[in-house]
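Okay, here's what each chain looks like letter by letter:
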Amino acid sequence: MRKLKNISALLIMLLVTGSISAQNAKTEEVDIKVSSQCTMCKERIERTLAFEKGVIKSNLDLETHTVKVTYKNGKTTPEALRKAISDVGYDADDVAGDAKAYAKLPDCCKKEADRVDPHAGHNH
Amino acid sequence: MKKLAAFILIIIMGTGFAYAQQAIKGSVYEIDAAGKKVPLPFANVYWEGTTSGTVSDEKGSFSLPDNAASARLIASFVGFTNDTITINSHSRQEIILRKGSDLAAVNITEKLEGSFISKIKPIKTEVITVAGLQKLACCNLSESFENNATVDVGFADAVTGARQIQMLGLAGVYSQLMVENIPFTRGLGSAFGLTYIPGTWMESIQISKGTSSVINGYESTTGQINAEMRKPWNTDKFFLNAYLNNEGRYELNAHASARLNERFSTLVLAHTSQQVLKNDMNHDGFLDTPLSSQINLSNRWSYEKAGVTESKFGINFLQDRRTGGQLIDHNTSDAITNGNYVMEVTTRRLQAYDKTGFMFKNRPNTSIGLIFSGLYHEQESMFGRTNYDARQLGFYGNAILQTGSPVHGVSTGFSLMYDDYDEVYADSSFSRVESVPGAFAQYTFTPNEKMNFIAGMRVDHHNLHGIMYTPRVHFKVNLFENTVLRSSAGKGYRSPSILAENTGMLVSSRQLVFREDFKLEEAWNYGVNITQEFNLTDERKATLTVDFYRTDFINQVVVDLDEAYNKVIFYNLDGESYSNSFQVDLSVNLFERFDFTAAYRLNDTKVTTAGALRERPLVSRHKGLFTMSYATRFDKWKFDFTSQYNGSTRLPEGIVLPEPHAGQTYSPDYITIHSQITRKFKKWDAYIGAENLTNFKQEHPVLGYDAPFADRFDAGMVWGPIFGRMFYGGIRYSIPHE
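Protein chains in written order, with the working numbering: chain E, 65 to 188; chain U, 4 to 741.
Since the hints were made in silico from the structure, they are not lab data. From a predicted model like this one, the values you see are computed outputs, not experimental measurements. Fair warning: there could be bad hints in the mix.
25 Å max Cα-Cα, derived DSS-like pairs, lysine-lysine [stated by the list, open to error]:
hint, chain 1, residue 1, chain 2, residue 2
1, E, K106, U, K40
2, U, K40, U, K28
3, E, K97, U, K28
4, E, K117, U, K28
5, U, K364, E, K121
6, U, K28, E, K90
7, E, K97, E, K168
FRET-style restraints, in silico, Cβ to Cβ [stated by the list, open to error]:
hint, chain 1, residue 1, chain 2, residue 2, range
8, U, T275, E, T134, 38 to 44 Å
9, U, L482, E, T91, 52 to 58 Å
10, U, P42, E, T134, 55 to 61 Å
11, E, E107, U, V410, 29 to 35 Å
12, U, E452, E, I120, 46 to 52 Å
13, U, Y472, E, E107, 53 to 59 Å
14, E, E107, U, Y633, 19 to 25 Å
The C-beta atom is built at its ideal place from N, Cα and C for all residues, glycine as well.
So that you can see chain E by itself, here it is in the shape it has in the complex (with noise of 0.2 Å):
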């Protein structure tokens, strides 16, 4: 039985530090051009990179349509970047959007000439 209570409070140890266990690789940044175009998309964005692995923050000027991504060396590439940020839908330098997600996208997310109403999200 104590063993039993044992291997049980081990395991819960596990959990910890597999969790909280940095890793102690180099940052780096890089800027990925994308084609955002409103504050919604810019939290969608930012709320992918959150939990790519390796991320550390990253945030989007939505003037210059430019992310600023900090992230672990090691852990991640910018290729794993482009590619997470085309998969919700978004082009990424010169990674096109996933054309699945990019349909699923809010009316003033999409680019002027897919949108159902051209004006949304810009000067009228």
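Based on these hints, arrange chain U on the given structure of chain E.
Quick look at chain U alone, frame taken from chain E:
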């Protein structure tokens, strides 16, 4: 987003019926040229198919009384696409209107905090949401109130692991526990009922103090706790939760839901909880927590024909076994042979229910609701050398007609409660049939959105106890924009199930003495409360609530532990019995994603036992609560901290506490601390936490543990935690619907 909106359907049978004429509040926004969300003033907001509507103010805000006929709210503005949203809760609604005619762009966000106090409901209601339930990755309903000041949870005794709640300083049986507005733990279920509702099955818990609407019955003297379960139409396609703690308890929860077509959806919930290790941290030879095994299954269905019929039906099955007592060095059969004290309880429950609502297209304010529930509950148990076997066959039905106008609402209907009890304790039989048909009417006056008045009356006939008249009134007024005053007064009745409600007393050598035939328990309850919101900045908010409730018993079945240390005597109240409860709660959103709450509660509860008015035993006079929660952006990390101060409680006369408390007539006070860290990943969450970090334990909760068949043996005198510090961890994994 469109799908989300389409599948969020109304709970008309639930809160809709229970609290007629609440209001929906929210804001309308548009997306401006810069892609920013800005308020949209003067947008029309109205209930679909009705003329009940309003216009958003200059800040885009609106407030609209509930409408029985429609659950769909339409927002419109010239040049914008109409947006229809389905209301399924009273959370603040956020509607974003878009130019043009693209329905795909419908976007609704509900801002849900871990717990909040509804500003809309005429009866003050605290709501604990999923976010709140996950703050303590708790296992079942009995463990869901640790960060709540209103409900106190304690062990019924030190052997069975049963937990009991208190509201307003009175036992949980005086409040009504419901699951989706169907009475849940009536009769035999009251002993272990709180452990029959797994934490992950719940979507939210609504707690209201004082008498509630007459629609739900004549019970609920001190308050009502209603658990809303996960809905077939808006839960994840698949969900899994695995939990483990260092005392040897593990739990698994799995949910799977499917939308069969536009009208039917279904959800299967499965739960198992196992206590596999024997613990005896206080070295008294008794297990601190019984070995236990619970299997709990539920299949829930939903049918909706928009604007015409809605139906929710389902079936639940539960089996719960627990074995405790002097089992540290023995297995059960050896222990019995050796003459050790053994507790065994096996419970099986089968419940089926149906709730159907009918709406009428040409009568927008009229609806009919029907609720049926059938229950079979059987329990075989052994406490030391005494057997207690019980069976309950129960039926509950309620038919509600809601009509009138948004200003003058009327709900009428009738109900039937039927319970066939077959109970045998030692050699005595407590079998009986209770049949209670009743009728009710409730009038709701809502002259404007600031005021709300409800007057209700019900008359029930109890086959054993005669007629009960239950009048109740509720009043709510928004004194100022951010100040809500509510008050209530009313009567509550209850027919006691002595043995099931006093399981803690069965784990003792106390002789059960039934001095006379019991009358119905009958009490008045009065309460008043104020909720004040402060806007610290545009985005930071603080809420202060102050409330006071008084309960006056006309009759109570007194559980007298004072007359003799080796007896528990039950009799009808002869003298006074009352409870005064005062509480103040402050919750503050101090900075982004950081909240704290501080609460204080004072109970003054007295009852006449052994010929004198005394403080009710084992009820703490003072309680303090402090919680903090912080989340990083996108809730990637969440940190929760809960601390409780529990004041001392009076011990029954003649109780002799072991060292170091010998000679004391009051239990010591103590502080507990719980803490949890949650990390969210793309598809799953991991959590670790600790309960009772201060490691405070009641010294020898089993009195007379060295001689369990002698007359000083008493495991029912529990006033504090039985286990010390406990660590746990777990994961949650979910696959959402496409």
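Evaluation of the provided hints:
Under the criterion of a C-alpha separation no larger than 25 Å, the hint pairing K106/E with K40/U is consistent with the structure, at around 13 Å. Distance hint between K40/U and K28/U is fulfilled; the C-alpha atoms sit about 18 Å from each other, no more than 25 Å. Note on K97/E and K28/U: the hinted pairing is violated, with a Cα-Cα distance of about 39 Å set against a maximum of 25 Å. Only pairs whose Cα atoms come within 25 Å are accepted, and K117/E paired with K28/U is rejected, the gap being roughly 39 Å.
For the proposed pair K364/U and K121/E, the alpha carbon gap of about 52 Å is over 25 Å, so the pair is violated. A threshold of 25 Å between alpha carbons decides the hint, and for K28/U with K90/E the separation of about 49 Å lies outside it, so the pair is violated. Distance check on the hinted pair: K97/E and K168/E sit about 21 Å apart at the alpha-carbon level, within 25 Å; holds. T275/U and T134/E have their C-beta atoms about 43 Å apart, which keeps the hinted 38 to 44 Å range intact.
As the Cβ distance of L482/U to T91/E is approximately 54 Å, the hint placing it in 52 to 58 Å holds. Separation of P42/U from T134/E is about 34 Å and departs from the stated range, judged on CB atoms against 55 to 61 Å. Restraint check, E107/E to V410/U: a C-beta distance of roughly 41 Å breaks the suggested window 29 to 35 Å. Range check, E452/U to I120/E: Cβ separation about 47 Å, and the 46 to 52 Å hint holds.
The hinted window of 53 to 59 Å between Y472/U and E107/E holds, with their beta carbons roughly 56 Å apart. The supplied range of 19 to 25 Å is met by E107/E and Y633/U, whose beta-carbon atoms lie about 20 Å from each other.
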